[in-house]
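J.: Here the protein sequences come in this chain order: A and B.
Position 118, counted from 1, in the first sequence is what our numbering calls 118; the numbers after and before it change by one each time, with no gaps.
Position 84, counted from 1, in the second sequence is what our numbering calls 84; the numbers after and before it change by one each time, with no gaps.
Everything labelled a hint here was simulated from the structure, so no lab data went into it.
Incorrect hints may have been included.
Said to hold, decoys possible - No farther apart than 20 Å at their CA atoms in a straight line, the calculated lysine to any residue pairs in the SDA-like style are these: (1) 76/A / 51/B; (2) 38/B / 16/A; (3) 19/B / 220/B; (4) 76/A / 48/B; (5) 28/A / 31/B; (6) 28/A / 221/B; (7) 40/A / 48/B; (8) 28/A / 229/B; (9) 61/A / 40/A; (10) 40/A / 219/B; (11) 111/A / 145/B; (12) 38/B / 106/A; (13) 28/A / 222/B; (14) 40/A / 160/B; (15) 76/A / 219/B; (16) 38/B / 57/A; (17) 40/A / 130/B; (18) 160/B / 110/A; (19) 76/A / 46/B; (20) 160/B / 112/A; (21) 76/A / 221/B; (22) 28/A / 38/B; (23) 76/A / 54/B; (24) 31/B / 13/A; (25) 40/A / 220/B; (26) 160/B / 106/A.
The model shown is predicted, which means the values in this text are computed figures rather than measured ones.
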Amino acid sequence: MAKISFDLVSPENLIFNDEVGMIIVPGKDGDIGVLPGHSKLISSLRSGRVMVYGENKDLLKSFFVSGGFAEVNPEKCIVLGETVEEMNSLDKNSIEKEIQELQNKDTDESKQKILIANAKIEALNASFYEKI
Amino acid sequence: MPSLKDIKTQINSVGSTKKITSAMKMVAASKLRRSQEKAEAARPYSSRLEEMLSSLATSASSGEGIIKLLTGTGEDQNYIVVPVSADRGLCGGFNSSINRETFKLVKKLESENKKVQLLPIGKKSRDFFLRTLKENITDSFVDTNVSSAGYNIALEISAKLQSLYFEGKFDKCILVYNKFKSAISQEVTQQQLIPLDISNKNNEDKSNETESSNKAIYTYEPDEETILQDLLPKNVSIQIFKVLLESDAGEQGARMAAMDNATRNAGEMIDSLTLKYNRTRQAFITKELIEIISGAESI
């Protein structure tokens, strides 16, 4: 089966760069599955999971991105994430604690952070796409 | 004629200065490597963002709201100049060249009857403009420390600039910073940040031109305008981030070069002082010998 090259980039560094079988990215209007040979597409992303699969549709890695952009062409998929974290590194308890702390403040910044933290919890609870 | 003791103290003090400058050189060299790595790591993101933007920008018509970051306000009266300097000194002409260049730019714009505001980044330029152009300063950012704080500080600065922009406080934003050319040379560069200068960018990456020719057939999701509205503010932050990183690397490079020079000068000074010390010592001995001999002869 063909492979597609996938780059996951955060403002601070290049996080993932390899040939993979399939990627699912959280597009603003819904999740987008990208296979090799996908038509050209530029999409903005919502906060959510970026899932990376091997050739046999086995889940290689999953990341959490808080917004960003994806550029897709038949050979290559590039995801520019605002912040990128590996799903394994997220800890539910500490995020919930963070949310509680943030709720005491009432600034625009903390509201945004709450939105992102909620998206993280949602991503942690989600189990779909894990086996295809 | 200075006494032997005077020269000895002088040699010692120059020696300890030399120790300090050579230590600072070492520190700057290792920091330089780290900053360079950081700048290197940030490059893929900004270059890809630029690619995306250049393929989108052509489709933008003049409009309201966020698109104004691209198209401008249509006026050319109020400027904001952002000099990016270091927080610390002892790095040769690094800070003073930024301040000089900014000062010149402000004077030039003012002579054309434009209104100019300043938003200095870094202690050295803030202090300079507090002394010289105090009434022009709107705000300042110091202790940015981009190598440890990372992207967040760039977000903060960009949020500040954008809120000022959308309040209609300025029409054009120009960054003045030290572009990192190599470890020993920096170049003072002016970059127009708002509105985005696309013509300039296209010249820069000529290599991408072949690619851009087949860019027209992208599908946009949700649509071009929505993406642009997300992309433009992000681009401002990324540009600032890039400039901060370059300036940080440049600072370390400049400090390394300056300290290397200082160490070498101190070494030369020690050599010449040691020579002087030995001459004086010999002169004393000769003088004493003459005194003894002539004393003995006269008996």
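J.: The structure should be examined with respect to each hint, and the outcome stated for every one.
T.: Comparing the hints with the structure gives:
Taken as a hint, the residue 76/A and residue 51/B pair is honoured in the structure, with Cα atoms around 14 Å apart against an allowance of 20 Å. For the hint pairing residue 38/B with residue 16/A, the CA-to-CA distance comes to about 16 Å; that is within 20 Å, so the pair holds. Restraint check: the Cα-Cα separation between residue 19/B and residue 220/B comes to about 60 Å, which exceeds 20 Å; the hinted pair is violated. Our distance criterion of 20 Å between C-alpha atoms is met by residue 76/A and residue 48/B, whose separation comes to about 12 Å.
The hinted pair formed by residue 28/A and residue 31/B fails the criterion: a straight-line CA distance of about 40 Å is larger than 20 Å. In summary, the hint linking residue 28/A to residue 221/B is supported, as the alpha carbons are separated by about 8 Å, within the 20 Å threshold. Between the alpha carbons of residue 40/A and residue 48/B the distance comes to roughly 15 Å, so the proposed pair stays at or under 20 Å and holds. Restraint check for residue 28/A and residue 229/B: satisfied, since their Cα atoms lie roughly 13 Å apart, inside the 20 Å limit.
Proposed proximity of residue 61/A and residue 40/A is contradicted: the alpha carbons are some 24 Å apart, above 20 Å. For the hint linking residue 40/A to residue 219/B, the alpha-carbon distance of about 6 Å falls within 20 Å, and the restraint holds. About 26 Å separates the Cα atoms of residue 111/A and residue 145/B, which puts this hinted pair outside 20 Å; it is violated. Restraint check for residue 38/B and residue 106/A: not satisfied, since their Cα atoms lie roughly 34 Å apart, outside the 20 Å limit.
As the CA atoms of residue 28/A and residue 222/B are separated by approximately 7 Å, the hinted pair is consistent with the 20 Å bound. Of the supplied pair hints, the one linking residue 40/A and residue 160/B is violated, its CA atoms being roughly 35 Å apart against a limit of 20 Å. For the hint pairing residue 76/A with residue 219/B, the CA-to-CA distance comes to about 15 Å; that is within 20 Å, so the pair holds. At most 20 Å may separate the alpha-carbon atoms for a hinted pair to count; residue 38/B and residue 57/A exceed this at roughly 34 Å.
At most 20 Å may separate the alpha-carbon atoms for a hinted pair to count; residue 40/A and residue 130/B exceed this at roughly 51 Å. Distance check on the hinted pair: residue 160/B and residue 110/A sit about 17 Å apart at the alpha-carbon level, within 20 Å; holds. Distance check on the hinted pair: residue 76/A and residue 46/B sit about 17 Å apart at the alpha-carbon level, within 20 Å; holds. Our distance criterion of 20 Å between C-alpha atoms is met by residue 160/B and residue 112/A, whose separation comes to about 16 Å.
Between residue 76/A and residue 221/B the alpha-carbon distance is near 17 Å, which keeps this suggested pair within the 20 Å criterion. The hinted pair formed by residue 28/A and residue 38/B fails the criterion: a straight-line CA distance of about 30 Å is larger than 20 Å. Straight-line distance between C-alpha atoms of residue 76/A and residue 54/B comes to about 18 Å, which keeps the hinted pair within the 20 Å bound. A threshold of 20 Å between alpha carbons decides the hint, and for residue 31/B with residue 13/A the separation of about 18 Å falls inside it, so the pair holds.
For a cut-off of 20 Å, the pair hint linking residue 40/A to residue 220/B stands: about 9 Å separates their Cα positions. Proposed proximity of residue 160/B and residue 106/A is supported: the alpha carbons are some 19 Å apart, at most 20 Å.
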